[in-house]
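Numbering (the numbering used here), first residue to last: 13 to 272.
These are computed hints drawn from the structure, not numbers from a lab.
Everything numeric in this text was worked out from a predicted model, so none of it was measured.
Each residue gets a CB set at the ideal place from its N, CA and C atoms; glycine is no exception.
Don't take each hint at face value.
Said to hold, decoys possible - Once the Cα atoms are required to be at most 25 Å apart in a straight line, the calculated PhoX-like pairs of lysine-lysine come out as:
#, residue 1, residue 2
1, 52, 38
2, 79, 38
3, 79, 52
Claimed, not checked - Using C-beta positions, here's what the derived DEER-type ranges look like:
#, residue 1, residue 2, range
4, 253, 118, 42 to 48 Å
5, 231, 182, 39 to 45 Å
6, 118, 157, 17 to 23 Å
7, 86, 232, 17 to 23 Å
8, 90, 23, 25 to 31 Å
9, 86, 234, 17 to 23 Å
10, 78, 234, 23 to 29 Å
11, 233, 154, 57 to 63 Å
12, 186, 240, 52 to 58 Å
13, 257, 234, 32 to 38 Å
14, 153, 131, 17 to 23 Å
15, 98, 122, 28 to 34 Å
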Amino acid sequence: MRATRRRQRKTDPLASPSSVRAVFEKLRSALPELIPQQEKELVRMLRAARHARRYPATDTRRGRPGKWRREDLLGVGALMDDILERETSSQISFASFVDHYLRLPDFPSDVIGVLESGEINLFEAEQLARVTATRLGVSPNQAQRTRAELLSSHLQTKASGERLRQRVNELVRASSAEPGEPEGEPDIEPENLEDFDPYDSTHLFWEQLKQLGFAFREIRREDVSNDEIEELLKASEPILAILSRIQRRKDQTKVIRVKL
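Based on the provided sequences and hints, a complete structural model is requested.
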């Protein structure tokens with residue numbers, strides 16, 4: 013069951029346009045010949061680096077050739093790992109940075125203001141930023157008033173980020189259903205739709221699971237030596253033990269519910 017009330021959260025050191033751009037500058041300083049000066053091009057490169065890391069080389073050869081060499085993109089991803097490790101003490105991964113932080117400089121100024129004040133977290137800011145004049149088919153001033161009303165209600169009721177996302181979804185769907193609405197930008201949400209908190213250990217856990225899944229996709233039987241198989245088996249034993257304990261607890265809970 014998803015939470016409907018806000019949780020206490022730690023301060024996010026990257027939750028501002030200036031912090032995100034500071035990361036960009038560190039990347040440019042380290043690779044001045046490779047990193048684009050234009051911000052939009054840099055964003056495109058980081059998304060391409062995320063894609064290159066996520067999919068095997070065989071998958072990336074399909075379609076048109078990319079603008080950047082795969083080796084360069086993987087190098088950019090590795091450097092971003094180092095930068096984010098220093099800047100966030102390893103709490104924000106490169107994948108999370110691309111999925112959640114790259115769009116932050118384009119958020120409406122009123123959304124950025126409440127985000128930087130600490131009243132909302134990045135996930136909540138992402139939801140408010142989806143309430144645009146184009147999506148609602150209204151004037152920019154009206155869109156800003158709608159965001160303010162949503163924010164006020166959200167803070168007064170102390171609702172969760174997930175509840176805010178549901179309210180924005182309902183608002184956007186209702187607006188798109190009206191006849192004669194001009195075509196606007198598609199309602200694209202971040203890839204990860206949980207109540208995003210980069211310092212929540214559960215988020216870090218699922219992020220690690222995703223990384224393991226992508227890594228296993230690229231490994232073939234012939235890539236792994238016998239010694240490495242032994243190491244993997246030893247490493248997996250405590251994980252399997254924990255998963256078995258979780259499964260037994262779930263089974264016991266089901267039995268109790270049935271008896272009740």
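Verification of the hints:
1. Our distance criterion of 25 Å between C-alpha atoms is met by residue 52 and residue 38, whose separation comes to about 16 Å.
2. Between residue 79 and residue 38 the alpha-carbon distance is near 22 Å, which keeps this suggested pair within the 25 Å criterion.
3. At roughly 14 Å between alpha-carbon atoms, residue 79 and residue 52 fall within 25 Å of each other, so this suggested pair holds.
4. The supplied range of 42 to 48 Å is met by residue 253 and residue 118, whose beta-carbon atoms lie about 45 Å from each other.
5. Judged by the Cβ atoms, the range 39 to 45 Å given for residue 231 and residue 182 holds: they are separated by roughly 43 Å.
6. Between residue 118 and residue 157 the beta carbon distance is about 20 Å. The supplied range of 17 to 23 Å therefore holds.
7. A beta carbon spacing of about 19 Å between residue 86 and residue 232 agrees with the range 17 to 23 Å that was offered as a hint.
8. Take residue 90 and residue 23: their Cβ atoms lie about 27 Å apart, and the range 25 to 31 Å holds.
9. Checked against the hint of 17 to 23 Å, the C-beta distance between residue 86 and residue 234 comes to roughly 22 Å, which is consistent with it.
10. The beta-carbon spacing between residue 78 and residue 234, approximately 27 Å, falls within the hinted interval of 23 to 29 Å.
11. The hinted range of 57 to 63 Å is satisfied by residue 233 and residue 154, whose Cβ atoms lie roughly 59 Å apart.
12. Remark: the range hint 52 to 58 Å for residue 186 to residue 240 is upheld by a beta-carbon distance near 54 Å.
13. Hint check: residue 257 to residue 234, Cβ distance near 34 Å, so the stated range 32 to 38 Å holds.
14. Against the hinted window of 17 to 23 Å, the Cβ-Cβ separation of residue 153 and residue 131 comes to about 21 Å, which satisfies the hint.
15. Take residue 98 and residue 122: their Cβ atoms lie about 31 Å apart, and the range 28 to 34 Å holds.
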